[in-house]
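Enquirer: Each chain, written out:
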Amino acid sequence: DTEVTQTPKHLVMGMTNKKSLKCEQHMGHRAMYWYKQKAKKPPELMFVYSYEKLSINESVPSRFSPECPNSSLLNLHLHALQPEDSALYLCASSQAGSGRNTGELFFGEGSRLTVL
Amino acid sequence: KQEVTQIPAALSVPEGENLVLNCSFTDSAIYNLQWFRQDPGKGLTSLLLIQSSQREQTSGRLNASLDKSSGRSTLYIAASQPGDSATYLCAVGDKLIFGTGTRLQVFP
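Those protein sequences? They're chains R and V, same order as listed. All residue numbers for the first sequence refer to our numbering, where the first residue is 741 and numbers rise by one. All residue numbers for the second sequence refer to our numbering, where the first residue is 471 and numbers rise by one.
Honestly, the hints are just simulated from the structure, not real lab data. Mixed in with the good hints there might be a few duds.
[Stated by the list, open to error] Calculated lysine-lysine pairs in the DSSO-like style (CA-CA distance at most 27 Å, straight line):
| hint | chain 1 | residue 1 | chain 2 | residue 2 |
| --- | --- | --- | --- | --- |
| 1 | V | Lys471 | R | Lys758 |
| 2 | R | Lys762 | V | Lys538 |
| 3 | R | Lys780 | V | Lys512 |
| 4 | R | Lys759 | R | Lys776 |
| 5 | R | Lys778 | R | Lys749 |
| 6 | V | Lys538 | R | Lys759 |
| 7 | R | Lys780 | R | Lys793 |
| 8 | V | Lys471 | R | Lys780 |
| 9 | V | Lys565 | R | Lys778 |
| 10 | V | Lys512 | R | Lys758 |
| 11 | V | Lys512 | R | Lys776 |
| 12 | R | Lys780 | R | Lys762 |
| 13 | R | Lys758 | V | Lys538 |
| 14 | R | Lys749 | V | Lys538 |
| 15 | R | Lys780 | V | Lys565 |
| 16 | R | Lys776 | V | Lys471 |
| 17 | R | Lys781 | V | Lys565 |
| 18 | V | Lys512 | V | Lys565 |
| 19 | R | Lys793 | V | Lys538 |
| 20 | V | Lys471 | R | Lys759 |
| 21 | V | Lys538 | V | Lys565 |
| 22 | V | Lys471 | R | Lys749 |
| 23 | R | Lys778 | V | Lys471 |
| 24 | R | Lys776 | R | Lys762 |
| 25 | R | Lys758 | R | Lys793 |
| 26 | R | Lys762 | V | Lys512 |
| 27 | R | Lys778 | V | Lys512 |
| 28 | R | Lys762 | V | Lys471 |
| 29 | V | Lys512 | R | Lys781 |
| 30 | R | Lys759 | R | Lys780 |
Please build the complete structure, drawing on both the sequences and the hints.
Expert: Okay, structure coming up:
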């Protein structure tokens, strides 16, 4: 099983809402990632969790709050977002985390977020 | 800071052609390089992973090479098919910095 599952596939929210994106993998990977992708642009790294600890935060605004409850799950909590935060949010996992040879990264299908 | 560039940005070819996509990176201190394809509005599918100690990897009609010292990788697609139409992305480093992508269209 080389699957990374993301829910929901689509999310529409107002600027005052609080919502969460979820990601799950059962490959025994110890690193999980959040990327943001705008239309016709490559993915940009947001956060990396390695062994359930936040190891990289790429200066992401505090309205995005990641959480790693266990080695299989990764959440991204959203609060007070702006319309420019509308994008495809991609989750990925790998055997090892940052600062070492990560091995192959496996991506989910993404969550399409629209902020009104 | 690692910068990754892909050439060409877009490519449109008839079915059956052999293709070469290029990826260049500025910092050669990498553990590995990975090639992905992305269909419109979808996630990324891993195609090939090349470790820094390797020169190339092959999977079916795909062959990827890596010249770490010169900061280059190429993805060779043999006998292209319409189903190969997608955006191809290379990514390097433990933070997986992505290249700008090559948008490929293969027409029948």
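Enquirer: For which of the previously enumerated hints does the structure constitute a violation, in increasing order of number?
Expert: 1, 2, 6, 7, 13, 14, 19, 20, 22 and 28
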